[in-house]
Amino acid sequence: MSRKNLKRYFEILEIDSGASLSEIRNAYIRLKRLYSTDSIVITPIADEFSKKRRLAVLQQIEEAYTKLNEELKDEHQKSTYFGKPGIASENVSEGEEGDSVSFSGDVLRQIREKRGIHLYEVALDTKIRVEILENIEHERFDALPQEVYLKGHVSNYARYLLLDPRKVADDYISRYKAWKADVKDKT
Amino acid sequence: MVEKEGKIWAIGGGKGGTGKSFVTSAMGTYIAGKGKRVILIDIDIGGANLHSFFGISRPKKSLTDFFEAGASLNKLAVKTGIDNMSLITGDIHSLASDNIKFTQKLKLFRHIMKLNKHYVIIDLGAGSHNNTIDTFLMADKKIVILEPEITSVENMYHFIKNALFRKLRMSLREYGFKDIVEQMWERREEYNIKSLRELMDCIRDNFSYVGDIIDKELSDFKLYLILNKIRSSDDILIGSSMKSILMKYLGVDTKFVGFVEYDDSVWRSMRERRPFMLNYSLSRSAKEVEVFTENLLKGKEIKLSRN
Ligand SMILES: Nc1ncnc2c1ncn2[C@@H]1O[C@H](COP(=O)(O)OP(=O)(O)OP(=O)(O)O)[C@@H](O)[C@H]1O
Ligand SMILES: [Mg+2]
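Protein chains in written order, with my numbering: chain V, 1 to 187; chain D, 1 to 307.
If we strip away everything but chain V, and leave its shape as in the complex, we get:
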């Protein structure tokens, strides 16, 4: 993406062009809410600032957010998963190549923290309770919901972190299964 486009997208989201992923996300959520709901700043000009116009604004916001995410996600993955130093690579459990990262709860936590995102922000957007998110990160498997639900939660969380939801969920669930088998053996 050209720098000019990039700059324009940041402008649309009304943030500095050095903004972090979580700032981008917050701006997106705030603006989306502003232009899609009635409020005391919209009502007085609602008849001239029509639904149609607002829809156009919302589309711009959506586009800016999607494009920025794509751009930054690429950057992020290049530097984190396929490059040398990265949070995930330290946690590679097996395999020589960088792309065989196993997404454990701890890796998810580190990625989240590196991006400066709080759990409550994740909760707000994914509608997953903070407790559950915490349990996912700490792999408190016994406190987590059933596998089908868990898989859904983990994919949503991964999507929020701009990671591949399938890969993350598969990795995570295989760890969960291993734990379950372990518990079964013991009893």
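Bear in mind the hints are in silico, worked out from the structure with no lab data behind them. Hints should not be assumed to be uniformly reliable.
Straight-line Cα separation of at most 16 angstroms, EDC-like style, residue types lysine to aspartate or glutamate; simulated pairs [stated by the list, open to error]: (1) K303(D) <-> E14(V); (2) K255(D) <-> E14(V); (3) K194(D) <-> D142(V); (4) K287(D) <-> D253(D); (5) K52(V) <-> D91(D); (6) K51(V) <-> E198(D); (7) K243(D) <-> E14(V); (8) K161(D) <-> D220(D); (9) K161(D) <-> E48(V); (10) K303(D) <-> D16(V); (11) K60(D) <-> D91(D); (12) K300(D) <-> D16(V); (13) K243(D) <-> D106(V); (14) K180(V) <-> E134(V); (15) K75(D) <-> D65(D); (16) K300(D) <-> E14(V); (17) K34(D) <-> E290(D); (18) K303(D) <-> E23(V); (19) K32(V) <-> E62(V); (20) K194(D) <-> D47(V); (21) K161(D) <-> D47(V); (22) K243(D) <-> D253(D); (23) K255(D) <-> D140(D); (24) K222(D) <-> D134(D); (25) K255(D) <-> E294(D); (26) K255(D) <-> E11(V); (27) K161(D) <-> D134(D); (28) K4(V) <-> D47(V); (29) K255(D) <-> D16(V); (30) K105(D) <-> D65(D).
Assemble chain D with the ligands onto chain V, guided by the hints.
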């Protein structure tokens, strides 16, 4: 020509009672306290009362003496009781509707610009009268005060649209496009124009060469927004929202410089006839005044930390 240094500030915003005079007095006191020279000008058509924020009585001389007797502005300035800061008062007679001619107004602006060794802070009062708007447009920093309340928002839109309309009209005239705005506006039925935004879009569509002028005027028309009398931290969002809409709907660049919470000490200090910033200098609201005044001085926006 006197060079503009960004020292002439005008405070408006439309609705009465939002705190324009309070903000003017508090901001002035803070700047004067930094050792800078400040002149406050009260041109509130509806009733000048800036003096009461300093516990002084209404000045005997007013801008009427400037218009009718040719008194210099310096002679009209009275002491506020605060070092480095004086006050000039307008009054209803000299400033209401047609009593003041356009040439006189220009003369006043010229003289105000000559005060540029000082920070000149002009309290415009409520309303969107032409004299009010023209003074607003003349200022280097155009500051609007908003209360988190629907009537205040409504009046502010009205005020800003009026100011922008007037500015576009005047500058297109200067560029030789005489009456283009009026003509379009008169034929608004035909062009299906219902708002200022549609008017601007329509002029752009029909006269592509004028589009650049509109863009330039829009980029010169910068606003500074202060939110007053907030009652919870949620209210702060209204400032950012307003800023967003002004840009995304009207194309007006607005800096949201800060807010002041609702604080009983504001009227209490008026009753005690003591300037708020001295009387309650340690209060949170006084700190909030300092923050947005610093932002105004530096042309910066408020830093909103999350949650
Ligand atoms: N932050 C605040 N907290 C509490 N009271 C305030 C605050 N700001 C202003 N006020 C009070 O609100 C009233 C109106 O304030 P002020 O006179 O500054 O408004 P104004 O915009 O200048 O009004 P007008 O349009 O009539 O000139 C005053 O009584 C003032 O004491
Ligand atoms: Mg006033």
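Hint-by-hint comparison with the structure:
no.: 1; hint: K303(D) <-> E14(V); result: 13 angstroms, holds
no.: 2; hint: K255(D) <-> E14(V); result: 11 angstroms, holds
no.: 3; hint: K194(D) <-> D142(V); result: 62 angstroms, violated
no.: 4; hint: K287(D) <-> D253(D); result: 26 angstroms, violated
no.: 5; hint: K52(V) <-> D91(D); result: 46 angstroms, violated
no.: 6; hint: K51(V) <-> E198(D); result: 15 angstroms, holds
no.: 7; hint: K243(D) <-> E14(V); result: 10 angstroms, holds
no.: 8; hint: K161(D) <-> D220(D); result: 15 angstroms, holds
no.: 9; hint: K161(D) <-> E48(V); result: 12 angstroms, holds
no.: 10; hint: K303(D) <-> D16(V); result: 12 angstroms, holds
no.: 11; hint: K60(D) <-> D91(D); result: 11 angstroms, holds
no.: 12; hint: K300(D) <-> D16(V); result: 13 angstroms, holds
no.: 13; hint: K243(D) <-> D106(V); result: 40 angstroms, violated
no.: 14; hint: K180(V) <-> E134(V); result: 19 angstroms, violated
no.: 15; hint: K75(D) <-> D65(D); result: 10 angstroms, holds
no.: 16; hint: K300(D) <-> E14(V); result: 14 angstroms, holds
no.: 17; hint: K34(D) <-> E290(D); result: 11 angstroms, holds
no.: 18; hint: K303(D) <-> E23(V); result: 13 angstroms, holds
no.: 19; hint: K32(V) <-> E62(V); result: 8 angstroms, holds
no.: 20; hint: K194(D) <-> D47(V); result: 9 angstroms, holds
no.: 21; hint: K161(D) <-> D47(V); result: 15 angstroms, holds
no.: 22; hint: K243(D) <-> D253(D); result: 8 angstroms, holds
no.: 23; hint: K255(D) <-> D140(D); result: 14 angstroms, holds
no.: 24; hint: K222(D) <-> D134(D); result: 15 angstroms, holds
no.: 25; hint: K255(D) <-> E294(D); result: 13 angstroms, holds
no.: 26; hint: K255(D) <-> E11(V); result: 14 angstroms, holds
no.: 27; hint: K161(D) <-> D134(D); result: 13 angstroms, holds
no.: 28; hint: K4(V) <-> D47(V); result: 34 angstroms, violated
no.: 29; hint: K255(D) <-> D16(V); result: 14 angstroms, holds
no.: 30; hint: K105(D) <-> D65(D); result: 14 angstroms, holds
Consistency note: the structure conflicts with the earlier hints numbered 3, 4, 5, 13, 14, 28.
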